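Reminder that position 53 of the sequence shown reads as 591 in this note's numbering, one-by-one numbering, no gaps.
Hints are not guaranteed to be accurate.
As the list claims (entries may be wrong) - Here are the computed distance ranges between Cβ atoms for each label pair:
(1) N601 / A831: 15 to 25 Å
(2) L660 / K623: 37 to 47 Å
(3) K623 / D760: 18 to 28 Å
(4) T851 / N766: 25 to 35 Å
Hints in this document: simulated from the structure, not taken from any laboratory. Given the structure is predicted, the values throughout are model-derived calculations rather than measurements. All C-beta atoms in this analysis are idealised placements derived from N, C-alpha and C, irrespective of residue type, glycine included.
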Amino acid sequence: MSSVRHRDQHNASRSRSCVAVALALLAAAGCSGHPQAQASGGDAATRAPQPARTPYLRMQDANTGWAVWPSGTSWVVLHTTDGWKHVDNATPAAVPTGGGLVLGIGTGGAAAVAVEPFKRLLRSPLLTRPGPSTPWTPAELPGAVTDSRQAVSVSPARTTVVLAGGAVVTGTAARWNTLTAVSKLAPAGQLRLDAVTWADGDVGWLTGHGAKGAPMAVQTSDSGRTWNALRLATGSAVAALAPCGAGQSWLLPVINARGSIAVDRTADGGASWVAGSSLELPAGLAVWGCHGAEVWMLGHADHVFTSNDSGATWSDLGKAPAGLTDLALTSPDAGFATSGTARHPALWAVSQGGAGFARIGLPSWVSALGADMSTS
(Lines of atoms letter the chains of each structure in order from A and count residues from 1; the text may use other names and numbers.)
(Lines give C-alpha, C1' and ligand atoms only; values in the text may rest on other atoms or scores of the structure.)
Protein backbone atom coordinates (compact mmCIF):
# COMPACT_ATOMS: atom_id res chain seq x y z
CA MET A 1 0.00 0.00 0.00
CA SER A 2 1.66 3.20 -1.09
CA SER A 3 0.74 6.70 0.02
CA VAL A 4 -0.16 8.99 -2.85
CA ARG A 5 0.93 12.53 -2.13
CA HIS A 6 -0.16 15.72 -3.86
CA ARG A 7 1.66 15.87 -7.18
CA ASP A 8 1.33 16.94 -10.80
CA GLN A 9 -1.00 14.35 -12.31
CA HIS A 10 -0.06 14.76 -15.92
CA ASN A 11 3.57 14.60 -16.93
CA ALA A 12 4.01 16.08 -20.39
CA SER A 13 5.74 12.93 -21.59
CA ARG A 14 2.66 10.82 -20.76
CA SER A 15 0.03 12.33 -23.01
CA ARG A 16 -3.10 10.20 -22.89
CA SER A 17 -5.49 10.23 -25.81
CA CYS A 18 -8.33 9.08 -23.55
CA VAL A 19 -8.50 10.75 -20.16
CA ALA A 20 -12.00 9.46 -19.67
CA VAL A 21 -14.39 9.33 -16.75
CA ALA A 22 -17.72 10.04 -17.98
CA LEU A 23 -16.47 13.44 -18.59
CA ALA A 24 -12.98 14.61 -18.34
CA LEU A 25 -14.38 17.34 -20.58
CA LEU A 26 -11.09 18.01 -22.24
CA ALA A 27 -11.27 19.96 -25.42
CA ALA A 28 -9.90 17.00 -27.37
CA ALA A 29 -12.27 14.43 -28.82
CA GLY A 30 -13.05 11.40 -26.68
CA CYS A 31 -12.16 7.79 -27.45
CA SER A 32 -14.76 5.39 -28.69
CA GLY A 33 -15.98 2.92 -26.13
CA HIS A 34 -15.65 5.29 -23.16
CA PRO A 35 -18.56 7.35 -21.83
CA GLN A 36 -16.46 10.44 -22.24
CA ALA A 37 -17.96 13.85 -22.83
CA GLN A 38 -16.29 16.80 -24.40
CA ALA A 39 -16.64 20.55 -24.49
CA SER A 40 -15.49 22.76 -27.30
CA GLY A 41 -15.85 26.46 -27.80
CA GLY A 42 -17.83 26.85 -24.57
CA ASP A 43 -20.38 24.14 -25.33
CA ALA A 44 -21.17 21.94 -22.34
CA ALA A 45 -20.88 18.19 -22.70
CA THR A 46 -23.99 16.11 -23.02
CA ARG A 47 -23.26 13.26 -20.63
CA ALA A 48 -23.17 13.51 -16.85
CA PRO A 49 -20.13 12.14 -14.98
CA GLN A 50 -22.45 9.72 -13.13
CA PRO A 51 -25.26 8.86 -15.57
CA ALA A 52 -28.40 7.19 -14.25
CA ARG A 53 -28.43 4.59 -17.01
CA THR A 54 -25.79 2.53 -15.20
CA PRO A 55 -26.18 0.18 -12.23
CA TYR A 56 -26.01 2.15 -8.96
CA LEU A 57 -26.87 1.96 -5.27
CA ARG A 58 -28.62 3.95 -2.55
CA MET A 59 -27.68 2.47 0.84
CA GLN A 60 -29.24 3.78 4.05
CA ASP A 61 -27.07 1.58 6.28
CA ALA A 62 -25.29 -1.80 6.18
CA ASN A 63 -28.59 -3.66 5.81
CA THR A 64 -31.13 -1.42 4.12
CA GLY A 65 -30.72 -0.06 0.64
CA TRP A 66 -31.88 0.24 -2.94
CA ALA A 67 -30.38 -0.45 -6.35
CA VAL A 68 -31.29 0.76 -9.82
CA TRP A 69 -30.65 -2.30 -11.95
CA PRO A 70 -30.89 -3.29 -15.63
CA SER A 71 -33.26 -6.15 -16.43
CA GLY A 72 -33.82 -7.10 -20.05
CA THR A 73 -34.64 -3.89 -21.92
CA SER A 74 -35.95 -2.18 -18.80
CA TRP A 75 -34.60 -0.73 -15.56
CA VAL A 76 -35.91 -1.86 -12.18
CA VAL A 77 -35.65 -0.80 -8.55
CA LEU A 78 -34.45 -3.44 -6.09
CA HIS A 79 -34.71 -3.17 -2.29
CA THR A 80 -33.05 -5.05 0.56
CA THR A 81 -33.28 -5.04 4.34
CA ASP A 82 -30.49 -7.54 5.04
CA GLY A 83 -27.47 -6.41 3.07
CA TRP A 84 -28.55 -7.99 -0.24
CA LYS A 85 -28.99 -11.50 1.17
CA HIS A 86 -32.61 -11.15 0.07
CA VAL A 87 -34.04 -8.82 -2.56
CA ASP A 88 -37.49 -7.35 -3.19
CA ASN A 89 -38.84 -5.79 -6.35
CA ALA A 90 -39.65 -2.13 -5.63
CA THR A 91 -40.16 -0.98 -9.23
CA PRO A 92 -43.11 1.38 -9.76
CA ALA A 93 -45.81 -0.28 -11.84
CA ALA A 94 -47.47 0.95 -15.03
CA VAL A 95 -44.64 3.20 -16.23
CA PRO A 96 -42.20 2.46 -19.08
CA THR A 97 -38.72 2.16 -17.57
CA GLY A 98 -36.71 1.44 -20.70
CA GLY A 99 -35.16 4.93 -20.59
CA GLY A 100 -33.72 4.62 -17.10
CA LEU A 101 -34.62 5.57 -13.55
CA VAL A 102 -33.34 8.32 -11.25
CA LEU A 103 -33.77 7.29 -7.61
CA GLY A 104 -33.56 9.57 -4.59
CA ILE A 105 -33.99 8.38 -1.01
CA GLY A 106 -34.75 10.24 2.21
CA THR A 107 -35.10 9.47 5.89
CA GLY A 108 -37.31 6.68 7.17
CA GLY A 109 -37.23 4.82 3.88
CA ALA A 110 -38.81 7.64 1.88
CA ALA A 111 -38.03 7.48 -1.83
CA ALA A 112 -38.78 9.15 -5.14
CA VAL A 113 -38.20 7.76 -8.64
CA ALA A 114 -38.16 9.90 -11.76
CA VAL A 115 -38.68 7.97 -15.01
CA GLU A 116 -36.40 9.06 -17.83
CA PRO A 117 -37.85 9.84 -21.28
CA PHE A 118 -38.54 6.75 -23.37
CA LYS A 119 -40.10 6.55 -26.84
CA ARG A 120 -43.11 8.89 -26.72
CA LEU A 121 -42.67 9.75 -23.07
CA LEU A 122 -41.46 13.37 -23.09
CA ARG A 123 -42.25 14.43 -19.53
CA SER A 124 -40.95 12.35 -16.66
CA PRO A 125 -43.39 10.65 -14.30
CA LEU A 126 -42.33 11.03 -10.67
CA LEU A 127 -43.31 8.30 -8.19
CA THR A 128 -42.99 8.98 -4.46
CA ARG A 129 -43.59 6.99 -1.29
CA PRO A 130 -42.97 7.77 2.40
CA GLY A 131 -41.68 4.27 3.22
CA PRO A 132 -40.78 0.94 1.57
CA SER A 133 -44.05 -0.73 2.60
CA THR A 134 -46.32 1.96 1.14
CA PRO A 135 -47.48 2.19 -2.49
CA TRP A 136 -45.99 4.62 -4.98
CA THR A 137 -47.93 7.85 -5.54
CA PRO A 138 -47.73 9.08 -9.16
CA ALA A 139 -47.11 12.63 -10.32
CA GLU A 140 -45.69 14.26 -13.43
CA LEU A 141 -42.73 16.61 -13.67
CA PRO A 142 -42.98 19.74 -15.85
CA GLY A 143 -40.26 18.32 -18.10
CA ALA A 144 -37.84 15.43 -18.52
CA VAL A 145 -35.47 14.56 -15.69
CA THR A 146 -31.79 14.84 -16.60
CA ASP A 147 -29.79 11.61 -16.98
CA SER A 148 -27.85 11.85 -13.73
CA ARG A 149 -28.27 9.51 -10.78
CA GLN A 150 -28.27 12.41 -8.27
CA ALA A 151 -30.89 14.50 -10.08
CA VAL A 152 -33.63 13.73 -7.52
CA SER A 153 -33.36 14.79 -3.87
CA VAL A 154 -35.86 13.71 -1.20
CA SER A 155 -36.24 15.41 2.18
CA PRO A 156 -39.11 15.90 4.63
CA ALA A 157 -39.46 19.46 3.39
CA ARG A 158 -39.38 18.89 -0.36
CA THR A 159 -38.66 16.82 -3.42
CA THR A 160 -36.26 18.61 -5.75
CA VAL A 161 -35.46 17.58 -9.32
CA VAL A 162 -32.96 18.72 -11.96
CA LEU A 163 -34.61 18.75 -15.38
CA ALA A 164 -32.85 18.05 -18.67
CA GLY A 165 -33.44 21.62 -19.83
CA GLY A 166 -31.46 23.01 -16.91
CA ALA A 167 -34.27 24.03 -14.56
CA VAL A 168 -34.31 22.96 -10.92
CA VAL A 169 -37.85 22.44 -9.67
CA THR A 170 -39.37 21.62 -6.31
CA GLY A 171 -42.90 20.99 -5.12
CA THR A 172 -45.64 18.39 -5.31
CA ALA A 173 -47.95 16.85 -7.88
CA ALA A 174 -50.25 19.86 -7.59
CA ARG A 175 -47.61 22.49 -8.21
CA TRP A 176 -43.97 22.69 -9.23
CA ASN A 177 -41.91 25.80 -8.52
CA THR A 178 -38.63 26.66 -10.25
CA LEU A 179 -35.84 27.30 -7.75
CA THR A 180 -33.30 28.36 -10.37
CA ALA A 181 -32.05 27.46 -13.83
CA VAL A 182 -28.73 27.02 -15.57
CA SER A 183 -29.49 30.13 -17.64
CA LYS A 184 -29.19 32.18 -14.43
CA LEU A 185 -26.18 30.37 -13.01
CA ALA A 186 -24.12 30.32 -16.22
CA PRO A 187 -25.72 32.61 -18.82
CA ALA A 188 -23.09 31.79 -21.45
CA GLY A 189 -24.46 28.25 -21.67
CA GLN A 190 -21.22 26.47 -20.71
CA LEU A 191 -22.73 24.46 -17.83
CA ARG A 192 -25.03 21.45 -17.53
CA LEU A 193 -26.60 20.81 -14.14
CA ASP A 194 -26.51 17.19 -12.95
CA ALA A 195 -27.33 16.95 -9.27
CA VAL A 196 -29.07 18.55 -6.31
CA THR A 197 -28.14 17.83 -2.69
CA TRP A 198 -29.59 19.26 0.52
CA ALA A 199 -27.75 19.32 3.86
CA ASP A 200 -30.84 20.65 5.64
CA GLY A 201 -33.82 22.89 4.92
CA ASP A 202 -31.61 25.89 4.13
CA VAL A 203 -28.22 24.68 2.86
CA GLY A 204 -27.88 22.83 -0.42
CA TRP A 205 -25.76 22.45 -3.53
CA LEU A 206 -26.20 22.14 -7.27
CA THR A 207 -23.38 20.44 -9.18
CA GLY A 208 -22.74 19.92 -12.87
CA HIS A 209 -20.22 19.71 -15.68
CA GLY A 210 -19.17 21.77 -18.66
CA ALA A 211 -16.47 24.07 -20.02
CA LYS A 212 -13.89 25.40 -17.58
CA GLY A 213 -14.58 28.85 -16.27
CA ALA A 214 -18.19 28.13 -15.38
CA PRO A 215 -19.16 27.40 -11.77
CA MET A 216 -19.40 23.60 -11.46
CA ALA A 217 -20.90 23.85 -7.96
CA VAL A 218 -23.15 26.48 -6.44
CA GLN A 219 -24.46 26.72 -2.89
CA THR A 220 -27.56 28.15 -1.25
CA SER A 221 -28.01 29.05 2.40
CA ASP A 222 -31.56 30.31 2.08
CA SER A 223 -33.52 27.31 0.74
CA GLY A 224 -32.71 28.08 -2.89
CA ARG A 225 -33.67 31.73 -3.13
CA THR A 226 -30.07 32.69 -3.95
CA TRP A 227 -27.08 30.65 -5.18
CA ASN A 228 -23.37 31.42 -4.95
CA ALA A 229 -20.52 29.79 -6.87
CA LEU A 230 -17.96 27.75 -4.93
CA ARG A 231 -14.50 29.11 -5.71
CA LEU A 232 -12.73 25.73 -5.65
CA ALA A 233 -15.21 24.40 -8.23
CA THR A 234 -14.58 27.18 -10.75
CA GLY A 235 -11.48 28.15 -12.74
CA SER A 236 -9.94 24.97 -14.18
CA ALA A 237 -12.79 22.77 -12.93
CA VAL A 238 -14.86 20.96 -15.56
CA ALA A 239 -17.16 19.00 -13.24
CA ALA A 240 -18.25 18.60 -9.64
CA LEU A 241 -19.90 15.46 -8.31
CA ALA A 242 -22.79 15.50 -5.85
CA PRO A 243 -21.41 16.04 -2.33
CA CYS A 244 -21.47 13.39 0.38
CA GLY A 245 -21.77 14.03 4.10
CA ALA A 246 -24.03 14.98 6.99
CA GLY A 247 -24.51 17.83 9.42
CA GLN A 248 -21.76 20.41 8.99
CA SER A 249 -19.20 18.07 7.36
CA TRP A 250 -19.40 17.52 3.59
CA LEU A 251 -17.08 16.31 0.83
CA LEU A 252 -17.23 17.58 -2.76
CA PRO A 253 -15.20 15.92 -5.56
CA VAL A 254 -14.07 18.32 -8.27
CA ILE A 255 -12.64 17.26 -11.65
CA ASN A 256 -10.32 19.64 -13.47
CA ALA A 257 -9.34 20.01 -17.12
CA ARG A 258 -5.99 18.28 -16.57
CA GLY A 259 -7.79 14.99 -15.95
CA SER A 260 -7.51 14.75 -12.18
CA ILE A 261 -9.99 14.74 -9.31
CA ALA A 262 -9.69 16.16 -5.78
CA VAL A 263 -12.10 16.13 -2.85
CA ASP A 264 -12.84 19.51 -1.33
CA ARG A 265 -14.05 19.44 2.27
CA THR A 266 -16.01 21.66 4.62
CA ALA A 267 -16.53 21.32 8.37
CA ASP A 268 -18.78 24.36 8.73
CA GLY A 269 -21.69 23.60 6.43
CA GLY A 270 -20.10 25.12 3.34
CA ALA A 271 -18.99 28.45 4.82
CA SER A 272 -15.39 27.53 3.96
CA TRP A 273 -13.76 24.79 1.88
CA VAL A 274 -10.31 23.17 1.82
CA ALA A 275 -8.98 21.39 -1.28
CA GLY A 276 -7.68 17.84 -1.03
CA SER A 277 -4.91 16.00 -2.87
CA SER A 278 -5.46 15.05 -6.49
CA LEU A 279 -5.81 11.65 -8.10
CA GLU A 280 -5.57 10.84 -11.77
CA LEU A 281 -8.93 9.86 -13.26
CA PRO A 282 -9.75 6.30 -14.31
CA ALA A 283 -10.62 5.36 -17.88
CA GLY A 284 -14.33 5.09 -17.13
CA LEU A 285 -16.93 6.65 -14.88
CA ALA A 286 -16.22 8.88 -11.91
CA VAL A 287 -16.80 6.49 -8.98
CA TRP A 288 -16.53 7.33 -5.30
CA GLY A 289 -18.20 7.07 -1.91
CA CYS A 290 -17.78 8.39 1.62
CA HIS A 291 -18.62 7.56 5.23
CA GLY A 292 -17.57 10.36 7.54
CA ALA A 293 -13.89 11.10 6.85
CA GLU A 294 -13.40 7.78 5.02
CA VAL A 295 -13.40 8.10 1.23
CA TRP A 296 -13.08 5.47 -1.49
CA MET A 297 -12.26 6.67 -5.00
CA LEU A 298 -11.64 4.93 -8.32
CA GLY A 299 -8.46 6.35 -9.80
CA HIS A 300 -5.73 5.76 -12.37
CA ALA A 301 -5.53 2.26 -13.89
CA ASP A 302 -8.89 1.44 -12.24
CA HIS A 303 -7.30 1.14 -8.81
CA VAL A 304 -9.24 1.82 -5.62
CA PHE A 305 -7.72 4.62 -3.57
CA THR A 306 -8.75 5.27 0.01
CA SER A 307 -8.43 8.20 2.38
CA ASN A 308 -9.20 8.37 6.09
CA ASP A 309 -8.73 12.12 6.27
CA SER A 310 -11.44 13.36 3.91
CA GLY A 311 -9.25 13.29 0.80
CA ALA A 312 -6.20 15.09 2.19
CA THR A 313 -4.01 12.01 1.49
CA TRP A 314 -4.58 8.76 -0.42
CA SER A 315 -3.50 5.11 -0.30
CA ASP A 316 -3.57 2.75 -3.29
CA LEU A 317 -5.40 -0.54 -2.53
CA GLY A 318 -4.95 -2.08 -5.96
CA LYS A 319 -7.17 -3.11 -8.84
CA ALA A 320 -10.96 -2.83 -8.68
CA PRO A 321 -13.38 -5.09 -10.58
CA ALA A 322 -13.59 -4.11 -14.24
CA GLY A 323 -16.16 -1.49 -15.17
CA LEU A 324 -16.91 -0.23 -11.66
CA THR A 325 -19.96 2.08 -11.65
CA ASP A 326 -20.63 2.84 -7.97
CA LEU A 327 -19.16 2.60 -4.47
CA ALA A 328 -21.44 2.84 -1.43
CA LEU A 329 -19.78 2.86 2.00
CA THR A 330 -21.86 1.66 4.93
CA SER A 331 -19.00 1.94 7.45
CA PRO A 332 -15.38 3.10 7.29
CA ASP A 333 -14.31 -0.46 6.43
CA ALA A 334 -17.14 -1.98 4.39
CA GLY A 335 -19.82 -1.29 1.83
CA PHE A 336 -21.14 -2.36 -1.55
CA ALA A 337 -20.31 -1.71 -5.18
CA THR A 338 -21.74 -2.15 -8.66
CA SER A 339 -20.03 -2.74 -11.97
CA GLY A 340 -20.70 -3.65 -15.57
CA THR A 341 -23.15 -2.58 -18.23
CA ALA A 342 -26.86 -2.93 -18.88
CA ARG A 343 -26.19 -6.40 -20.30
CA HIS A 344 -23.68 -7.60 -17.71
CA PRO A 345 -24.22 -5.90 -14.33
CA ALA A 346 -22.64 -7.12 -11.09
CA LEU A 347 -23.17 -6.44 -7.38
CA TRP A 348 -20.30 -6.65 -4.90
CA ALA A 349 -19.78 -6.73 -1.14
CA VAL A 350 -16.72 -4.64 -0.29
CA SER A 351 -14.58 -5.29 2.79
CA GLN A 352 -11.05 -4.70 4.14
CA GLY A 353 -11.45 -0.96 3.92
CA GLY A 354 -12.04 -1.07 0.17
CA ALA A 355 -9.54 -3.76 -0.78
CA GLY A 356 -11.79 -6.83 -0.87
CA PHE A 357 -14.55 -7.43 -3.43
CA ALA A 358 -16.86 -10.47 -3.26
CA ARG A 359 -19.52 -11.02 -5.92
CA ILE A 360 -23.14 -11.10 -4.69
CA GLY A 361 -25.50 -13.27 -6.70
CA LEU A 362 -28.98 -11.90 -7.35
CA PRO A 363 -32.03 -14.17 -7.75
CA SER A 364 -32.86 -15.30 -11.28
CA TRP A 365 -36.14 -13.40 -11.32
CA VAL A 366 -34.24 -10.09 -11.39
CA SER A 367 -33.00 -10.67 -14.94
CA ALA A 368 -36.44 -11.89 -16.06
CA LEU A 369 -38.33 -9.00 -14.49
CA GLY A 370 -37.65 -6.56 -17.34
CA ALA A 371 -38.98 -8.97 -19.95
CA ASP A 372 -42.17 -9.44 -17.93
CA MET A 373 -42.57 -5.66 -17.65
CA SER A 374 -42.11 -5.09 -21.37
CA THR A 375 -44.89 -7.53 -22.23
CA SER A 376 -47.33 -6.51 -19.48
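To see whether the hints hold, each was checked on the structure:
1. Our hint of 15 to 25 Å for N601 and A831 holds, since their Cβ atoms are close to 23 Å apart.
2. The hinted window of 37 to 47 Å between L660 and K623 holds, with their beta carbons roughly 40 Å apart.
3. Distance hint check for K623 and D760: the Cβ-Cβ separation is about 44 Å, which falls outside the suggested range of 18 to 28 Å.
4. Between T851 and N766 the Cβ separation comes to about 29 Å, which falls inside the hinted range of 25 to 35 Å.
Hint check: a violation occurs at hint 3 only; the rest are consistent with the structure.
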